[in-house]
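Taken in order, these protein sequences are the chains called L, U, R, B, Y and S. This note's numbering puts the first residue of the first sequence at 1, with every later residue one more than the last. This note's numbering puts the first residue of the second sequence at 1001, with every later residue one more than the last. This note's numbering puts the first residue of the third sequence at 2001, with every later residue one more than the last. This note's numbering puts the first residue of the fourth sequence at 3001, with every later residue one more than the last. This note's numbering puts the first residue of the fifth sequence at 4001, with every later residue one more than the last. This note's numbering puts the first residue of the sixth sequence at 5001, with every later residue one more than the last.
The set of hints was computed from the structure by calculation and includes no laboratory data. Heads up, the beta-carbon is just placed ideally off N, CA and C, and yes, glycines get one too. Mixed in with the good hints there might be a few duds.
[As the list claims (entries may be wrong)] Pair by pair, the computed Cβ-Cβ distance ranges are:
#1 B:E3023 to L:E160: 26 to 36 Å
#2 U:D1157 to R:Q2045: 32 to 42 Å
#3 B:S3095 to R:T2129: 48 to 58 Å
[Stated by the list, open to error] Under 7 Å between C-beta atoms, here's a sample of chain L residues computed to sit facing chain B:
#4 S37
#5 Q39
#6 Q45
#7 T49
#8 A164
#9 L165
#10 E167
[Stated by the list, open to error] Which chain Y residues stay away from chain S? Per the calculated CB distances, all over 12 Å, these:
#11 L4025
#12 Q4045
#13 S4058
#14 H4086
#15 P4102
#16 Y4113
#17 R4143
#18 I4156
#19 V4159
#20 S4166
6 protein chains.
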Amino acid sequence: MSRAFIVGRFQPFHLGHLEVIQEILKDHESVIIGIGSAQYSHTLQNPFTAGERHLMISNTLESRKIFNFYIIPIEDVNSNPLWVAHVESLTPHFSSVYTNNPLVKRLFYEKKYNVKSMELINRVEWSGTRIRDRMIRGENWERDVPETVSEIIREIDGVERLRALSESDDL
Amino acid sequence: MSRAFIVGRFQPFHLGHLEVIQEILKDHESVIIGIGSAQYSHTLQNPFTAGERHLMISNTLESRKIFNFYIIPIEDVNSNPLWVAHVESLTPHFSSVYTNNPLVKRLFYEKKYNVKSMELINRVEWSGTRIRDRMIRGENWERDVPETVSEIIREIDGVERLRALSESDDL
Amino acid sequence: MSRAFIVGRFQPFHLGHLEVIQEILKDHESVIIGIGSAQYSHTLQNPFTAGERHLMISNTLESRKIFNFYIIPIEDVNSNPLWVAHVESLTPHFSSVYTNNPLVKRLFYEKKYNVKSMELINRVEWSGTRIRDRMIRGENWERDVPETVSEIIREIDGVERLRALSESDDL
Amino acid sequence: MSRAFIVGRFQPFHLGHLEVIQEILKDHESVIIGIGSAQYSHTLQNPFTAGERHLMISNTLESRKIFNFYIIPIEDVNSNPLWVAHVESLTPHFSSVYTNNPLVKRLFYEKKYNVKSMELINRVEWSGTRIRDRMIRGENWERDVPETVSEIIREIDGVERLRALSESDDL
Amino acid sequence: MSRAFIVGRFQPFHLGHLEVIQEILKDHESVIIGIGSAQYSHTLQNPFTAGERHLMISNTLESRKIFNFYIIPIEDVNSNPLWVAHVESLTPHFSSVYTNNPLVKRLFYEKKYNVKSMELINRVEWSGTRIRDRMIRGENWERDVPETVSEIIREIDGVERLRALSESDDL
Amino acid sequence: MSRAFIVGRFQPFHLGHLEVIQEILKDHESVIIGIGSAQYSHTLQNPFTAGERHLMISNTLESRKIFNFYIIPIEDVNSNPLWVAHVESLTPHFSSVYTNNPLVKRLFYEKKYNVKSMELINRVEWSGTRIRDRMIRGENWERDVPETVSEIIREIDGVERLRALSESDDL
Chain L
1 MSRAFIVGRF QPFHLGHLEV IQEILKDHES VIIGIGSAQY SHTLQNPFTA
51 GERHLMISNT LESRKIFNFY IIPIEDVNSN PLWVAHVESL TPHFSSVYTN
101 NPLVKRLFYE KKYNVKSMEL INRVEWSGTR IRDRMIRGEN WERDVPETVS
151 EIIREIDGVE RLRALSESDD L
Chain U
1001 MSRAFIVGRF QPFHLGHLEV IQEILKDHES VIIGIGSAQY SHTLQNPFTA
1051 GERHLMISNT LESRKIFNFY IIPIEDVNSN PLWVAHVESL TPHFSSVYTN
1101 NPLVKRLFYE KKYNVKSMEL INRVEWSGTR IRDRMIRGEN WERDVPETVS
1151 EIIREIDGVE RLRALSESDD L
Chain R
2001 MSRAFIVGRF QPFHLGHLEV IQEILKDHES VIIGIGSAQY SHTLQNPFTA
2051 GERHLMISNT LESRKIFNFY IIPIEDVNSN PLWVAHVESL TPHFSSVYTN
2101 NPLVKRLFYE KKYNVKSMEL INRVEWSGTR IRDRMIRGEN WERDVPETVS
2151 EIIREIDGVE RLRALSESDD L
Chain B
3001 MSRAFIVGRF QPFHLGHLEV IQEILKDHES VIIGIGSAQY SHTLQNPFTA
3051 GERHLMISNT LESRKIFNFY IIPIEDVNSN PLWVAHVESL TPHFSSVYTN
3101 NPLVKRLFYE KKYNVKSMEL INRVEWSGTR IRDRMIRGEN WERDVPETVS
3151 EIIREIDGVE RLRALSESDD L
Chain Y
4001 MSRAFIVGRF QPFHLGHLEV IQEILKDHES VIIGIGSAQY SHTLQNPFTA
4051 GERHLMISNT LESRKIFNFY IIPIEDVNSN PLWVAHVESL TPHFSSVYTN
4101 NPLVKRLFYE KKYNVKSMEL INRVEWSGTR IRDRMIRGEN WERDVPETVS
4151 EIIREIDGVE RLRALSESDD L
Chain S
5001 MSRAFIVGRF QPFHLGHLEV IQEILKDHES VIIGIGSAQY SHTLQNPFTA
5051 GERHLMISNT LESRKIFNFY IIPIEDVNSN PLWVAHVESL TPHFSSVYTN
5101 NPLVKRLFYE KKYNVKSMEL INRVEWSGTR IRDRMIRGEN WERDVPETVS
5151 EIIREIDGVE RLRALSESDD L
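Let the sequences and hints guide you as you build the complete structure.
What follows is the structure in structure tokens.
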């Protein structure tokens, strides 16, 4: 059985991620979606918890009748040479890895995995950094994420969280 | 939406666990299955990795046409008062907790969760400890687990792993 | 200025601890009370959180008009050779160490500290282990702790917590 | 009983901190002072150990006849969603939180705490960053801290420590 | 170049260990000696620090004109599936693993390493557990270790340390 | 016996390091070489694993007939006040410390060690940062490292690793 692995931080899950997963599922029976840096949240880089990101992904895929995926939170291990073994211990076996992150790419490559890059259409728009910046500046960010994701971010008051965190202080 | 949470170590996933999950799904739309002590494996108490346990559970449920579940590995945090917050950060929200473990029960109870016990039919047989003992002693353990689980344990050479670990040494 | 250091787990704080602290304060201007294994709670050995133990100690001492103490939670560092440096980094300087724990005694002794043993009157009764056992078995444990401590344990439902944790399970 | 909680890094404890604590004690019976990032020291951002910071605060308050405070070192837990539970486990209960730090503010706010901001008079001067910069550049920093704090920093050779750390090297 | 790897806790390094290393060096150009559980010391199971154990091994081998060895302290990683990757990241490459420890054997075996058992002559005497017991009971333990090791244990007051740790207490 | 301690990250080991070690060995019987930040690798700052760095150092020294050294990987402990105790627990005793790193210098100085600076000839060229930059830009980096080091970097495909890691991405 052919299973693929994709890992990202999904801060937040956006249309580029969705497209990539749909592409992967054309070639594989199922996909394991690793939520990287799972222990982090409430920072400007990582505003959402792993549980919130899980919900963004699962609600989106299920709303599109996609069910052949597993979502696995993956906490950082603070030591790159242990990271692939860490992933292997947490997930069912997989044959291919999809990522554009150079570190992830290299770590799996050195462990002899079949690593594939993804061509993201509309790369500029579909960037987590850009979406978070728009949230902070009060610009339109919703067009770059699935509707299911906007809903969750609204429910958890996510934009307000990000803005609150972006204030600075030095008591 | 009514989601339930069940947590166990699933070393291995057995017929008792399966029955409990089926019972839970009579009352809830979906179930989050937390794989506890996720970082441990290759010990007598915890022979299987989180990934292997994931496969045992997902293969079993899917072979029975059950799809409304999420499996989430949960690493120990080494500090009980942080554990519920740790679970909350990793999972989508849930309304009820199912467990027979006294510590888990107490920790969620003190955080005002609705905690439910489970009556396990055939309790004596369906015990992880007992199944692991049988594996080591070469007795019939397969009757207490779903066939999908026996298959995985065979593939990963699980009984041999457990027996190898049960040898002792003091160099 | 002469400051003393005493460390214990205080599970719970009992009359023996109180007596020792009163003795120490006859020879020193102030005492630093280290709450050891601060990160643990909700186990049979360590039922109470560091915050609960803090309250037991501070309420008791203040009710007796003792104010020249500091209470400092000290988390285990999982490596004995680092422990004294860990304590030193968390506390104001001190000149003497009071403990009956052989490991603590040895670690400070090897770092050239002046370590003193304490003669506990009524040693048998005033034992954390014994008090916790009595709580579980429904026997009279209140006579071995200050009234301020019984009150806190009642407020946090501590006996019930300990009993709940003492049940066993093997799902 | 009304207890308040204030948390800061206190690198070092300065006149702004003192003023805020005095304000808090007008409305509360006692204050819990959390020393954040307790495990860090000997960096440009965090030059002083938790024990040194403890001494700065306790000496200052006691010299002003303030005794209704507890000082609690709080180590970072490296996962924001666990931080409030971590604080709760280490401290006696409190009803209000005082902070100007956006992250702390948000974390307590999402856990339904009553979070209050503090107006700092003379904000520009009373900044830890600014005081540390002055130490390094050999400018007058003593006017911004209580005399009890200057004394401790002199005793531990604090300015020299900071200057030594500010040198750079790349062997 | 053919390098072998042997790992043990060496609490303390004894004649059995020495013999095994000499055997290994008949078949290999050099040997990497991993000091397991390197962060532990000052317990009944692990009385000596990694540095003390390093000295026991290096002094012994050098006194016998053996120089083709590397000693590498290896801290536990608290997750067995990461352990082999952890070892690989800390050591030069090696082709064979020598161990009698069932867990180590299994972990390397599952990663396709060539794992070899060692026949220890005089197994009963040459046991760390037995040597530590003899130290505590005041019996002759020196006959089971190289003279270089007795010397180091004398210098660091090792027997007294072990005896002090073997006292028990329950304040 | 006079043993010296030198610590560095050795990313990679270069001619400046070699020269310093040769200088140290003029005044000391042996040298302990601590590989700092041992757990890190596969980053732009720390491309090589501790094992790879071990090999760079041992191959180089042995090829020059230097044998009186020990190489000890030292993982960061994430708390500066514990760092010296951490080093002491991992290494045989030493009398002098050689370093140009201001933090290391200060930490040992405050623990009363004899700390010595090193004059590096040709400082500009012999910088880890500069060598890694040259690797990335495809410039000549080999002239600044011993031949034994170039060989190892070639074998492990080190330049390609560094270049791969220097690409950026923001999926």
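Going down the list of hints, with the structure as the test:
1. B:E3023 to L:E160: 26 to 36 Å: 28 Å, holds
2. U:D1157 to R:Q2045: 32 to 42 Å: The hinted range 32 to 42 Å holds for D1157 (chain U) and Q2045 (chain R), with Cβ atoms some 37 Å apart.
3. B:S3095 to R:T2129: 48 to 58 Å: 35 Å, violated
4. S37: Since the shortest Cβ distance to chain B is 10 Å, the answer is violated.
5. Q39: 4 Å, holds
6. Q45: 12 Å, violated
7. T49: 5 Å, holds
8. A164: 5 Å, holds
9. L165: 6 Å, holds
10. E167: 4 Å, holds
11. L4025: 16 Å, holds
12. Q4045: 16 Å, holds
13. S4058: 7 Å, violated
14. H4086: Given a closest Cβ separation of 9 Å, the condition is violated.
15. P4102: The assertion about P4102 (chain Y) holds, with a minimum of 25 Å to chain S.
16. Y4113: The assertion about Y4113 (chain Y) holds, with a minimum of 15 Å to chain S.
17. R4143: 25 Å, holds
18. I4156: Since the minimum Cβ distance to chain S is about 10 Å, I4156 (chain Y) lies within 12 Å and the statement is violated.
19. V4159: Check passes; 19 Å lies beyond 12 Å.
20. S4166: 21 Å, holds
Checked against the numbered hints listed earlier, the structure breaks hints 3, 4, 6, 13, 14 and 18; every other hint is satisfied.
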